[in-house]
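Number of protein chains: 2
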Amino acid sequence: LALLGVVEVLGVAAIAMVCYWAAHYRGGFAWDGSGQQFNWHPVLMVVGLVFLYGNAILTYRVFRDQVKFGVKILHAVLQMTALILSIMALVATFDFHNANGIANMYSLHSWVGLTAVILFALQWVLGVSTYLLPFARRWIRTWFMPYHRFLGLIIFGMSIATCLMGLTEKLLFSMDADTYSTFPPEGILVNCLGLILVLFGGFVGFIATK
Amino acid sequence: LALLGVVEVLGVAAIAMVCYWAAHYRGGFAWDGSGQQFNWHPVLMVVGLVFLYGNAILTYRVFRDQVKFGVKILHAVLQMTALILSIMALVATFDFHNANGIANMYSLHSWVGLTAVILFALQWVLGVSTYLLPFARRWIRTWFMPYHRFLGLIIFGMSIATCLMGLTEKLLFSMDADTYSTFPPEGILVNCLGLILVLFGGFVGFIATK
Ligand code: HEM
Ligand code: HEM
Ligand code: HEM
Ligand code: HEM
Ligand SMILES: O=C1O[C@H]([C@@H](O)CO)C(O)=C1O
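As you go down the protein sequences, you meet chains A and B in turn. Heads up: the first sequence is residues 20 to 229, going by the working numbering. Heads up: the second sequence is residues 20 to 229, going by the working numbering.
If you are wondering where the hints come from, they were derived from the structure by calculation, not from laboratory data. Here the structure is a predicted model, which is why all the values come from computation and not from measurement. A few of these clues could be false.
Repeated chains share a single entry, so a pair holds when one copy, or any two copies, can fit it.
[Claimed, not checked] Straight-line alpha carbon distances no greater than 25 Å define the calculated SDA-like cross-link-like pairs of lysine to any residue that follow:
(1) Lys229 / Thr134
(2) Lys189 / Ile121
(3) Lys87 / Trp158
(4) Lys229 / Ile137
(5) Lys229 / Tyr79
(6) Lys229 / Ala155
(7) Lys229 / Arg156
(8) Lys189 / Cys38
Using the sequences provided together with the hints, build the complete structure.
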């Protein structure tokens, strides 16, 4: 599967680009209620709800021939790590907003984004209780599996769409439309990052539904 | 299938909301290079690349028991109409930009959006030549079908994500972030429209992959 190589290269490129954007153009990182604290938000979301999420989806395809129980643990742990990072990412913006008297949850980005995180947490709890703990009967596991897959992929799509809105918003907060429309390097960088997120999502979806 | 009713209600609600937004908050419609010409852009995109596209995807599920050839024609005609409307929608913005000296194709929204329209056009040509015209062998039709389905659904997802970025952009052009963050009625309307587009896409995807 050379496709897997492509996916990993895209994923690592996305992480590198979002870090470079935050560090070089947006003033770097801190945890002090400033815009530098906000910068953790996009970075943690791309690492957690895109990169780790995507890789967690692929575990069963990559480790086809390994012991099922081990792969389940890996899948669950990756998804748990993604969930924790996404919650840290939420704390980063909410803190930043509160420290600066900015309202919370006003944007379409935040509505779709919070819905995605809540559904993700729900899916995680349902996943653990259905497929990891020994309580669920076989027919429940079998019956629920198509829903688990479908919901998992839809939430993944919502995450990526949320990132695209977030990138668009942050660019328009950092520079106005007149500047964005002169093709500045920062704009091009972020546009390329957005395209890479779309490609990453597309390839993960392709492998997972093949 | 009560789900189908839900999908149609969501779709019609989305069209009503985007029309109301453009007419009531954004100054209505015209074809004169003004912002009123731009207003055709979101309306035609929502009607074409979301509503008609979604309904075209569903044709084979809705008309399960009809003659296959008739359903194919319907599917192809709906997708062709969607393509034509989306091209008119593109003309609406490009015209508006050119008439007002605004650069073209600078945003992440436009990059993902144009990619989606080009892939959609390609998919349409491939669909007609593989499944409508009599040239393609049976094994080619069978071999290509999973790709046709997958690409069709991915491009649909890209369309919806593009709409979400477009809504975000247009709101931030029309009011600044300080206003958006006071929860004005226009902001709430557009956020709800965005959520409805996500729901519409989710339900169409669910029915089409069930
Ligand atoms: C799946 C990934 C993401 C999720 C779930 C998400 C979720 C959220 C949520 C819930 C808020 C509201 C915080 C508050 O109101 O205090 C928010 C704010 C924000 N996010 Fe994200 N976000 C994601 C990715 C990104 C990315 C990649 C960026 C790019 C810079 C970004 C930019 C922003 C900005 C600028 C805000 C503040 C303005 C606003 O409230 O809309 N987000 N995000
Ligand atoms: C938010 C958390 C989760 C998400 C988003 C998620 C998503 C997914 C997706 C998209 C698939 C399909 C992968 C493929 O087709 O190759 C899948 C498969 C699976 N997941 Fe999860 N999952 C989550 C948590 C869990 C947890 C905690 C468990 C418990 C072990 C679990 C158990 C499974 C199993 C058994 C499969 C089927 C693998 C197979 O036999 O093909 N999932 N998951
Ligand atoms: C699938 C649906 C959509 C596609 C494929 C799409 C595509 C595009 C493209 C290619 C452009 C560039 C035009 C130019 O540079 O002259 C553009 C511009 C624009 N679109 Fe969309 N669009 C879609 C939906 C929407 C929606 C629903 C809105 C909501 C208002 C919107 C708002 C905008 C805005 C504000 C611009 C001008 C700024 C810019 O170039 O980004 N779009 N769109
Ligand atoms: C851009 C244009 C097109 C898109 C986006 C598209 C998308 C799709 C999608 C998503 C499906 C899966 C539907 C389902 O699973 O229920 C599908 C099925 C199908 N499409 Fe298209 N399509 C397009 C154009 C065409 C054209 C022009 C034809 C020629 C007749 C065609 C023929 C078919 C056939 C035969 C099926 C299989 C139906 C079945 O047996 O289940 N498509 N298409
Ligand atoms: O416990 C399990 O449940 C699912 C499957 O049996 C459901 O169809 C699966 O892959 C397991 O390992």
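For Lys229 and Ala155, with the copy left unspecified, which applies at a CA distance of at most 25 Å: within, between, both, or neither? Answer is between: at 23 Å across copies they meet the 25 Å cutoff, but 27 Å inside does not.
Given identical chains, is Lys229 near Tyr79, meaning Cα to Cα at most 25 Å, within a copy, between copies, both, or neither? Both: 12 Å inside a copy, 21 Å across copies.
Within, between, both or neither, where Lys229 and Arg156 count as close if Cα-Cα is 25 Å or less: For Lys229 and Arg156, the Cα distance is within 25 Å only across copies (22 Å; inside one copy 27 Å).
Have a look at Lys189 and Ile121 and pick one of within, between, both or neither, based on CA distance no larger than 25 Å. both (14 Å within a copy, 21 Å between copies)
25 Å Cα cut-off: does Lys87 pair with Trp158 within a copy, between copies, both or neither? The answer is within: 18 Å in one copy meets 25 Å, while 35 Å across copies does not.
How would you classify Lys229 and Thr134 at a CA-CA limit of 25 Å: within, between, both, or neither? This pair counts as between: shortest inter-copy Cα distance 23 Å, intra-copy 27 Å.
Given identical chains, is Lys189 near Cys38, meaning Cα to Cα at most 25 Å, within a copy, between copies, both, or neither? within (14 Å within a copy, 27 Å between copies)
Please work out whether the CA atoms of Lys229 and Ile137 approach to 25 Å or closer within one copy, between two copies, in both situations, or in neither? between (28 Å within a copy, 24 Å between copies)
Violated hints are absent here; each numbered hint is respected by the structure.
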